[in-house]
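Enquirer: As a plain string of letters, each chain reads:
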Amino acid sequence: MLLARVVGTVVSTRKEPKIEGIKFLLLEKIDPKTVKGTGDYVVAMDGVGANFGEIVFYAAGSSSRMTAVTQNRPSDATITAIVDAIDVEGTYVYHKDRD
Amino acid sequence: MLLAKVKGTVVSTKKADSIRGPKYLLVQVCDHREKLRKQYVVALDLVGAGVGEVVIIAQGSSARQTKMTFEKPIDAVVAGIIDLIEEKGTITYRK
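Going line by line, the protein sequences match chains A and B. For the working numbering, count along the first sequence from 1 and bump the result up by 2. For the working numbering, count along the second sequence from 1 and bump the result up by 92.
Everything labelled a hint here was simulated from the structure, so no lab data went into it. Values in this document were obtained by computation on a predicted structure and should not be read as measured data. For every residue, glycine included, the Cβ atom is placed at its ideal position computed from N, Cα and C. Fair warning: there could be bad hints in the mix.
What the hints assert, rightly or not - Pairs of lysine to aspartate or glutamate, EDC-like flavour, derived with a Cα cap of 20 Å:
no.	chain 1	residue 1	chain 2	residue 2
1	B	Lys130	A	Asp33
2	B	Lys130	B	Asp175
3	B	Lys115	A	Asp89
4	B	Lys130	A	Glu30
5	B	Lys97	B	Glu163
6	B	Lys107	A	Glu18
7	A	Lys17	A	Asp78
8	B	Lys115	B	Glu145
9	B	Lys106	A	Glu91
10	B	Lys107	A	Asp78
11	B	Lys130	A	Glu91
12	B	Lys97	A	Asp33
13	A	Lys35	B	Glu126
Stated by the list, open to error - Footprint (simulated), chain B over chain A, 3 or more residues, beta carbon under 8 Å:
no.	region
14	3-10
15	57-68
16	82-92
This is chain A alone, in the form it adopts within the complex (with noise of 0.2 Å):
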């Protein structure tokens, strides 16, 4: 899985029926050293009700499609996480309540 920052949400209304009633969450990919944005985008779909600014992780490929919300759906990213806290060597380099 990776790691990846809640930075937006994506809106469709004509599309493919398969992935009606489904919410897009715009992710910022994070370098885990310092939970800083890399620049690199991805459009997942919300496996666990993530908020905006939160970090999650998500599952790619087949494996996105192992959740009940998009099963048999065509999906290639879904957020399977929402991170409490990320210790690199012992420290935290992120803590959900302190940072």
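Chain A is already provided as a structure; the job is to place chain B on it using the hints.
Expert: Just chain B, lined up with the frame of chain A:
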């Protein structure tokens, strides 16, 4: 498969992978001489790997070919802890 170094852990309580008590490791891809690359992956730990260890990760749908990840939304797992790597007769890594 890629070699990677375990750099830390990622904690999540609000998740949708329906795996009980998973451990997510933050790994950084490296080569067989432990030279680190810029690529970081969050991988589900299957083998109890610790920070600093060199491991092997499996990605994509192959990551679901294990008891713990079968039909789960997981695309990367730590499949093994490396003890030794040899290249053309020289040991390039020893645990």
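Enquirer: Between the alpha carbons of A:Lys17 and A:Asp78, is the straight-line distance 20 Å or under?
Expert: holds, 16 Å
Enquirer: Can the restraint linking B:Lys115 and B:Glu145 be considered satisfied, given a maximum Cα separation of 20 Å?
Expert: Holds: B:Lys115 and B:Glu145 sit about 15 Å apart, inside 20 Å.
Enquirer: Between the region 57-68 of chain A and chain B, see if three or more residues pass the 8 Å beta-carbon test, and mark the coverage as holds or violated.
Expert: holds (count 9)
Enquirer: Can you confirm whether the C-alpha distance between B:Lys130 and B:Asp175 stays at or below 20 Å?
Expert: violated, 23 Å
Enquirer: Given the proposed pairing of B:Lys130 with A:Asp33, does the C-alpha separation stay at or below 20 Å?
Expert: holds, 9 Å
Enquirer: Keeping to a limit of 20 Å between CA atoms, is the pair of B:Lys97 and A:Asp33 held or broken?
Expert: Distance of about 16 Å is within 20 Å: holds.
Enquirer: Has the given pair, B:Lys107 with A:Asp78, been kept, meaning a C-alpha gap of at most 20 Å?
Expert: holds, 18 Å
Enquirer: Take a quick look at whether B:Lys97 and B:Glu163 sit within 20 Å of each other, Cα to Cα.
Expert: Violated, at roughly 26 Å.
Enquirer: Holds or violated: A:Lys35 with B:Glu126, Cα cutoff 20 Å?
Expert: Given pair A:Lys35, B:Glu126 holds - Cα atoms ~18 Å apart, limit 20 Å.
Enquirer: Tell me if the straight-line CA distance from B:Lys130 to A:Glu30 falls inside 20 Å.
Expert: holds, 16 Å
Enquirer: Given the hint that B:Lys130 pairs with A:Glu91, test it: the Cα-Cα distance must not exceed 20 Å.
Expert: holds, 16 Å
Enquirer: Please verify whether B:Lys107 and A:Glu18 have alpha carbons no more than 20 Å apart.
Expert: violated, 27 Å
The structure shown violates the earlier hints numbered 2, 5, 6, 9.
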